[in-house]
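Undergrad: Protein chains in written order, with this note's numbering: chain A, 1 to 299; chain B, 1 to 299.
By construction, these hints were calculated from the structure, which means they are not laboratory data. Every residue, glycine too, gets a C-beta built ideally from N, C-alpha and C. Some hints here could point you the wrong way.
Below, in silico cross-link-like pairs of lysine-lysine (DSS-like), each with a Cα-Cα straight-line distance of 27 angstroms or less [claimed, not checked]:
1) B/K215 <-> A/K142
2) A/K106 <-> B/K60
3) A/K69 <-> A/K142
Here are some of the chain A residues that sit facing chain B, going by a computed Cβ distance under 8 angstroms [said to hold, decoys possible]:
4) G78
5) L82
6) A110
7) E121
8) T133
9) S139
10) G153
11) R158
12) P187
13) M202
14) M227
Letter by letter, the chains look like this.
There are 2 protein chains.
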Amino acid sequence: MVWCSGWKLVSAVSNAGGLGLIGVGSMHPVTLEEHIVKTLNATEKPFGVNIPLFYPELEKIVEIIIRLKVPVVFTSAGSPKLLTGRLKDAGIKVAHVVSSAVFAEKCEAAGVDAIVAEGFEAGGHNGREETTTLTLIPSVRKATGLPLMAAGGIATGRGMLATMVLGAEGVQIGSRFAISAESSAHPDFKKLVCTLKEGGTMLALKKLAPVRLIKNSFFDQVQEAEMRGADAEELKLLLGKGRAKKGMFEGDLENGELEIGQISSVINDILPVSEIMKSLMEEFWLATGEINTAENFRF
Amino acid sequence: MVWCSGWKLVSAVSNAGGLGLIGVGSMHPVTLEEHIVKTLNATEKPFGVNIPLFYPELEKIVEIIIRLKVPVVFTSAGSPKLLTGRLKDAGIKVAHVVSSAVFAEKCEAAGVDAIVAEGFEAGGHNGREETTTLTLIPSVRKATGLPLMAAGGIATGRGMLATMVLGAEGVQIGSRFAISAESSAHPDFKKLVCTLKEGGTMLALKKLAPVRLIKNSFFDQVQEAEMRGADAEELKLLLGKGRAKKGMFEGDLENGELEIGQISSVINDILPVSEIMKSLMEEFWLATGEINTAENFRF
Chain A
1 MVWCSGWKLV
11 SAVSNAGGLG
21 LIGVGSMHPV
31 TLEEHIVKTL
41 NATEKPFGVN
51 IPLFYPELEK
61 IVEIIIRLKV
71 PVVFTSAGSP
81 KLLTGRLKDA
91 GIKVAHVVSS
101 AVFAEKCEAA
111 GVDAIVAEGF
121 EAGGHNGREE
131 TTTLTLIPSV
141 RKATGLPLMA
151 AGGIATGRGM
161 LATMVLGAEG
171 VQIGSRFAIS
181 AESSAHPDFK
191 KLVCTLKEGG
201 TMLALKKLAP
211 VRLIKNSFFD
221 QVQEAEMRGA
231 DAEELKLLLG
241 KGRAKKGMFE
251 GDLENGELEI
261 GQISSVINDI
271 LPVSEIMKSL
281 MEEFWLATGE
291 INTAENFRF
Chain B
1 MVWCSGWKLV
11 SAVSNAGGLG
21 LIGVGSMHPV
31 TLEEHIVKTL
41 NATEKPFGVN
51 IPLFYPELEK
61 IVEIIIRLKV
71 PVVFTSAGSP
81 KLLTGRLKDA
91 GIKVAHVVSS
101 AVFAEKCEAA
111 GVDAIVAEGF
121 EAGGHNGREE
131 TTTLTLIPSV
141 RKATGLPLMA
151 AGGIATGRGM
161 LATMVLGAEG
171 VQIGSRFAIS
181 AESSAHPDFK
191 KLVCTLKEGG
201 TMLALKKLAP
211 VRLIKNSFFD
221 QVQEAEMRGA
231 DAEELKLLLG
241 KGRAKKGMFE
251 GDLENGELEI
261 GQISSVINDI
271 LPVSEIMKSL
281 MEEFWLATGE
291 INTAENFRF
């Protein structure tokens, strides 16, 4: 959710009954502080911050989060042992994002309160084992009794129910809210996502850190390099710095790094968060009701 | 289901209430005829044949299928226009396997009776767009009103229900039955699959035809070649001929091509088909019942 998830989106999600998460991946500490304060002013509901653990100024942002009494932190892309104890000592609820059951077990050992299990179809940075949400959730469910949120491939009420059938208690939804009115992503990026079909994104840069990208000119360059066996060093040079900002925030759709999930194939409109949340819940209950009518299953 | 799905497995599945499919991909026409006759003797229930459309002796097997009055044919890996009309004229029900909504529309135009939509997590040959079952089913559901079976990542009753929540009317289950007592796969292959965790398989040979393989010595060779940018010609030489037979039928677990789905991570035992079917249905109805009790959802 880099370049998408600032205070506007976060407070809108929390006010609509979700748990909005500030995506710290694209923020300097000063900017994060500003967004936390604005979120606190814009909602009385709980919200959280998502911290990728490779973030360079980890110390500074942890200090800000604890000082401003952010109620929830989601950590990802690193060891759950790194921050969990400290955050919990400060009274913060901690969830960690995993892409395998093995890591879910490490989360439990580290004392997290909840686990997000994110599948291959998710946008942005992604696990190396390429396990899809449909196959991941049952394994993680089996590995841990902790509250479990499914992520990757969920943008509708049916998607929510499907992953809860597999054993999740809740869901983490990215792409659908990245393409909302309140998302801070560039309008042209949002419009482009609304046109994507299946196959519009692909996992790339596997020799660096796998990331799901929209197939644009930059992706084509990456793919060409990967097809001929380019090494990590060459890919790193090709990627350069600031490409995600260039693409998703500044709207350079050709040269930017455009991150979105596979499920963007079913996202066709830019709606306010309140409408998205309403339609998610309406479809969820509709799908639940259909199952209640057993005659829908004709066998 | 090459090297797994002969008359024993097919008649067991049909006798247990499923629709068993003979996997013609690994059979010479004479062998296919033998398996159809044996299946006809072993069950009075409907069964089918799955035909990969790149099969070299297509004419011969179509003649056999029509002559022996096989009631159902599933086609895959080619255009649904190729055989659908002819098979339907012979009174055969036809389903075609797709990996995208675009192909689902082509199926509808070709006059198929039903569609199988198979996601990235499936074993064996796979689509190029890498769309997962969770993201594929809603798109295909939107594209067609034809009966829709979900495939890829389904080995349990919860998996069945989850994909039906997404819009499928039925499911096609491969890996779970490949690892059954009645499967003709080599016992050592079945035992190996029972030990796999997430990440135990990976999509490979993308420059030829993408195929999901178990990570064994052969896979390592393929990966090494792909990492340094080996072209299709080199990969073809490396693959050689008969590797799937060598691995799955003859039990050469190091040098064979071992095809199985990601969901093998939840398969831990080799059971008779009747028990698998019973447990699939029991879990399906259990999961359905849980949704009936709305208080399970605490929001």
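Undergrad: Out of the numbered hints, which ones does the structure contradict?
TA: 2, 3, 4, 5, 6, 12
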